[in-house]
Amino acid sequence: MAQVVFSTWGRNVVDNRNVSGEPQAVSFKLPVAFDGERPLRSFMGWDGIILFDKDVDVPAMTAEYMKRVQTLYCCGKCTPGKKGTKVLADLFQNVLVGKASEADLDTVADLAELLKNCKCTLCQSATVPVFDAVTHYREDFVSYIKGGRTPKPTNYIHKITAPCMDKCPAHIDIPKYVEEIKNYQYGEALATIRENMPMPSVCGRVCPHPCETACRRKNVDDAINIMVLKRTASDYEWQHKLVPPMQPKPAKNKKVAIVGAGPAGLACAYYLALEGYKSTVYEALPEGFGGGMIAVGIPAYRMPRHILQRDVDIIASMGAEIKYDMRVGKDITLAELKQQYDAVFLAPGAHRSKPMGVEGEDKGYKGFLTGGIDFLREAYMGKPTGMGKKVCVVGGGNTAIDCVRVALREGAEESILLYRRSRKEMPADSWEVDGADEEGVKFEFQVLPTRIVVDANEQVIGVECVRMAMGEPDASGRRRPEPVPGSEFIVECDTVIPAIGQDPDLSFIPPDMGIDITKWNTVVTKYLPLKDAAGKDLKDGMGNMLSRSLITDCDGVFAGGDAEIGPLTVVACVGNAHRAALVIQRWLEEGKAYLSEQDIFDDLLTYLGVYDKGENVAWLDSASRANQKEIHGKERASKGNYREVELGFADSTAQTEADRCLRCYRMAMVAV
Amino acid sequence: MAHTESCEIKSATLTIDGKQVTVPAGTTILDAAFELGIKIPTLCWLKKVSTTGACRICVVEVEGVERPMTACNTPVKDGINVTTSSPKLEQIRKKTLELMLVNHPLDCPVCDAAGECDLQDACYGLQVVKNPYGAELERLPIRYDWKLLESDPNRCILCEKCVKVCREIVGREAIEVVNRGDRTIIDTITGEPLDCDFCGNCINTCPTGTLISKPFKFRGRPWTFDVTPSICGFCSSGCQIEYHSRDGRVERVTSSDDSYNKGNLCVNGRFGYAAFNSSGRLTVPLLKDVEGNQKKASWDQALGTVAIKLKEIIAANGGGAVAGIGSPRVTNEESYLFQKFMRGAVGTNNIDSEARLGYFPAQVIQYEMLGYSGGTYAMDAIENASAVIVIGGDLKGESAGFAYRVIQAATKNDAKLVLATARATSMNKFANAFLQYRPGSESWLVAGLNKALLAEGLENKEFIQKSAKGLEALQASLDELSFERIAEITGINEAELREAARLVCSGGRTAVIYGADIMRATDMKSAVTAVVDLALLTGAVGTTGAGIFPLDEKNNTQGMLDMGICPEYLPGYHTYAHKAAAFGAAWKGTIPTAPGKDLFQIIEGIEDGQIKALYVMGSDLLHVMPNRNRTLKALQKLELLVVQDLFLTETARLATVILPAATAAEKAGSFTTVDNRVQCFPCAVAPAGDARTDGDILTKLYSLIAPVTNIVSLSPQALHQEITDLTGLYSDVCDHDGCRMGRVKSKAAFVNHEATLLPLVPAAPVKGDPAYPFDLCVGPILHHNGTLSTWSDNNQIVAEQGYIEVSEGDASKVGVANGANIKISSAIGAVTLKAKVSNALQTGMLFVPSHSRESQINLLMGNVRGVVSVKIEKA
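Chains as they are written, first to last, in the numbering used here: chain A, 1 to 672; chain B, 1 to 875.
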């Protein structure tokens, strides 16, 4: 078990250098080996230093850290940052070559204090571990100053990050694009976004924006409105009829097949195209419905179709051929794709509704619909949905909310949502629930449907429900909702739509291809054997292995998106597919599918956590968060009215909002 | 993270250094302190651009907030308690400056900015006398390879003012912060030499000697120059400037951020002064001898000759045998004197100017429809417009000051911008819609916009009901035009027109700007009428609108017309019938009461022998008139051609007498912008050589030939009084001692008028001769202004001359590469110019800048406005 030799992480000093007896036990959310193989010797970053290996040369590491900050990341846009880190970097270089004096070390404290006035946090946070090093390893610095010591060659790896950027599954360089908007550089901002997000208009509108939950401005007042700023940059381009500036590299002679034109498939196609790899995307839906779940799962009042189509068209124009009406497994087999292409990327999404486990659901009753996702798709495609006038939707996620709101727009006289827990426990985004509320949706919380009630013609006339109450805490201490005996009642309706979740449909993957599928019906991909100090596997928030290269057990076949992660979000699929594109490129060029050090570092930082909600951020809370305007009133959900509800920012509002950003860059560096 | 709109708090009351102040919400601490007269030191702060927060000098303490906050970019909060000065803050400021000085070159003795360096001042002010910090010295290369500018990044303090001015004011984005760490510098993004507007606004804003003007480098220490406030004599924006002069030469031009134009100039304003110092300046009068050679002469000889010859001609043929061409370059006072001389002394109303080619007839139409000419508001109103439409003009080419205002509106105030121009311009990147109509289809295009606006039901009903008549007739005339027909002629379809109409009306506060392509359009009357109709339908000219603005390339076209340089009107647009007697009485004589000949009629008059003498003041007729050969023949036929100019122009080369005149820097007076601002300025330097101001020349001549010599010693004040009394155009108050906004031009308030919407019947397009399939357009470009700037070495360095812009498709069709020669022929002539292959043009369209004296593009132009049908071939 790895032992922490010394740490100041979290501003908490743990010093096991010279302890007799039991060393102080401490562990961090870090693997014992950087990539599962090379031991993690030290970690240096915004919050201090952590040494796992007593032989790490602290002065050399410190000098290297400051040099990288100054020469690679310091933006030069404020005096203390630009000049202060230069003075520090040169000072430490002088230490290493014996040209410094002990008095110079005192300048470190002086500058650490002065750099608190930096414009952003990169240079400022960089002084934290540096100051710690000089303070706690002063004798090592002094021995360099006195001469006679030379640094041993050490392998350092660094990574620039920010809390928001880390939390974003696509790792968009959020502070950069926010600053560009602040500087009226909408084109540049969009280019920054597109480096990691090829569907900016989509994620500027419907992203659940996990980044905002990790915004350091929250520690002052409210998070920056990161999502709407993304929309601003994206809308600016089409509102000014500007031609996207991306230029793909010259075409290379290898090609890739992609299953599914959803966010994952399109993102993978886009990043491959930029590198010169043409891909063919096989999409089961007909032309005009590119975008996968975005197209048929997210209603047009949230994501106007012409704007989605614009993003799809841009991706196609980069060099992705989308073949519509082509269901892999039916119109062409996976084996054929594998044979015809140099690599195959599976991104079929999760379009199959889950059953809800209620009496009568399998009887084929009139008015009982297959599932929320099917309802949304058919409504959007203009097909008969089978919906009546009084609609009950069962579920608590965003799809359920989309269903009740679409039901109104499809002409339902009454639209009711049944959910077994309370409002605040709904997994749906709170603003979506508020939106449904405003449009006149009725809610029945803490109810469990038990039986579908039908008339003699097997037409649904209601749902029998039972009230739920919180039961006694179980072994894990969590209280689960339990039915209240005798509380049965019937909600009258002519339509029931279960919307309790989706599964990938992986029936197109033949069992003989060697592609493993999990019990949650997702595709298994290869991963690094990252383990914590206790020997346990590191896993991500979805319970998947933390660091996956996205290649399946079948050579040349990769998988991503909802079908690999499990049903999640557009941004997660895009981030995952972007990585897949990078790995596929390595596979095509080097014959090896592997993760780069930067990929791994991304995963490590996410696991460690870059945002600290307990951090005291000293700042004047005088600029409050701007929110986009929206159309209000029930009329916005009137029959056939799919007009966009949220209206985005005026550019001037975006500029002011962007100015709230604290630009929380920071650099991490490890020795391996 | 609520997804509902924020509620707005309107104001905040806070305490700064113990004093309370209430300011609007969103105000920065710096501005709030300023309200209290508390000055917080800054280096990177610049009022006219967005905040930067780079220098960190402006730190203040806010009670309850652990870290010092930068005052320049921190908005106030109600109830906060701010301290702007404390030992801790002073210490931070001092140390920050010390850091700034790490590796800063100690070349102050030879630095151009010494004496006006903010860094010097800040160090001096905060007594930064030592530097405890040090780092490895690494010198970055100085950019000597830029034109007009030089950049020494070693002196840069990364305040970003230059970058922001370039991006936010000028809209160019030519320079950017590049590289990392201590090597961070301001440079072009590509590292290539600077290629930009060359407005030099970055130089003006640079607090150190990083960005400097090459022409000014080593011309002298800043404090040794005489600084004279003045008004720029190039375009019609009328920017307020300062001439820095020494030994009778203007050596640089600057502008203060406190000026109306916020210190922003264009290449002409900043660098065009080199024309004043041109070796081509006329410095002595010239007289044509019997052999036809123009020889140096004394003023007495020259003026005596003019007087004698004029008197002879008048005696033999009457005043009507004399005509005068006025100048959009000279002051109002000089224009007034010119027409007074022509009308009062010579006895002729044959007075006109190059404004006849577009601006003047357009303003007559505007006057007839609206009740006034020129811009209806001062141009800063544009910044607060919610929508701006620019029709038929390259905004930066014609009047950069207007372009800057539009950029502010579009980028900072959320205005929607519609550009309706035949060629793409540098404004395109800000546009929400670009209607690239076919050259020559202006009247149809604007009629189409009116039609689309009415079809969308977007007309400002309240305004029209109250203030404009004629809607039914307009609607009826538009009903006669189909969108299909409009699309066929203009290339702009119904959907595009409707979208543009919606944008033009968005927000309800519209500004309508129209340029030379409208005023010089083939069907100019319909085109201008349609523009004014549009301004009425949108309510742009109403009290809640943002105005209508005609553009003109030259500095005093509007003032010249106000002063009666036209055959139809006396100064102040008074008719002869009403005011000839009054003017005559004031001038102690009689003046002719019949309207005189206009520009075209004057040429015809010369041709048929009626006009024998022509007095041309500050106008190169051979260059500005269409049909160069015809003009040349006419001028050659004259018995007397007097040319009063700065340079030996092509026209001057034909003159019997050449009178050397003075530049805008060499005289006092006033200019009137197209938006009707009358700005006075004092004299900065004496006229070059023996040159005299136009006013002096005219005064002298008047005394030589007038029947009553009453104006010999007319003082500026008396002259001003006379103009004010007779024209009724100005308010009385004017402080001639350096005032720049002295006189207010009175325009009857619009509420007293009823405007007229006129029906639109655009002329059917003329079927082009298939032998000449290309549409040639001629107009101004950014790096020049008229021909004046072509005498400026500075402008010549950055702007190539005498080229023809041709679209990529046409260039490859004709088989010419960029830089190759093209022969352009029309029915009446041919010229050969260098090709500039461009993606700003639609196929079938050609463009030639109007500035080059060598191009002689008017050899191709018949006696018509608008586009010229030409063919092109490889030369």
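Everything labelled a hint here was simulated from the structure, so no lab data went into it.
Treat the hints loosely; a few may be bogus.
Stated by the list, open to error - A few chain A positions that, by computed beta-carbon distances, are all more than 10 Å from chain B:
1) Gly76
2) Lys119
3) Thr150
4) Asn155
5) Lys176
6) Ala251
7) Gly388
8) Arg423
9) Glu444
10) Asp540
11) Gly543
12) Asp555
Said to hold, decoys possible - Covered stretches of chain A, going by a simulated chain B footprint (3 or more residues, C-beta under 8 Å):
13) 78-89
14) 183-193
15) 506-513
16) 585-594
17) 617-623
Note that beta-carbon positions come from the ideal geometry of N, C-alpha and C, so glycine has one too.
Practice problem: Mind verifying the non-interface call on A:Lys176? Its CB should be farther than 10 Å from each CB in chain B. | Solution: holds, 13 Å
Quiz item: Is the Cβ of A:Arg423 more than 10 Å away from each Cβ in chain B?
Solution: holds, 15 Å
Quiz item: Since A:Ala251 was said not to touch the interface, does its Cβ keep a gap of more than 10 Å from each Cβ of chain B?
Solution: holds, 24 Å
Quiz item: With d taken as the least Cβ-Cβ distance between A:Glu444 and chain B, does d exceed 10 Å?
Solution: holds, 24 Å
Practice problem: Would you check whether the claim that A:Gly543 is not at the interface survives, using Cβ distances to chain B and the 10 Å cut-off? | Solution: Per Cβ check, A:Gly543 is outside 10 Å of chain B; nearest 26 Å; holds.
Quiz item: How about the stretch 78-89 of chain A: do at least three of its residues have a C-beta closer than 8 Å to a C-beta of chain B?
Solution: It holds, with 10 qualifying residues against the three required.
Quiz item: Hey, does A:Gly388 actually stay past 10 Å from chain B on C-beta?
Solution: holds, 31 Å
Quiz prompt | Assertion that A:Gly76 lies outside the chain B interface [Cβ separation over 10 Å] | solution = violated, 2 Å
Exercise. Please count how many residues of the stretch 183-193 of chain A have a CB within 8 Å of a CB from chain B and say whether that reaches 3.
Key: Three-residue rule met by the stretch 183-193 of chain A, so holds; n is 3.
Exercise. Quick one: work out the minimum CB distance from A:Asn155 to chain B and report holds if it exceeds 10 Å, violated otherwise.
Key: The assertion about A:Asn155 holds, with a minimum of 23 Å to chain B.
Exercise. Report holds if the minimum CB distance from A:Asp555 to chain B is greater than 10 Å, and violated otherwise.
Key: Nearest chain B Cβ is 41 Å from A:Asp555, so the label holds.
Self-check item: Outside-interface status for A:Lys119 - nearest CB in chain B farther than 10 Å
Solution: Per Cβ check, A:Lys119 is inside 10 Å of chain B; nearest 5 Å; violated.
Violation of the numbered hints given earlier is confined to hints 1, 2, 15 and 16; the remaining hints are satisfied by the structure.
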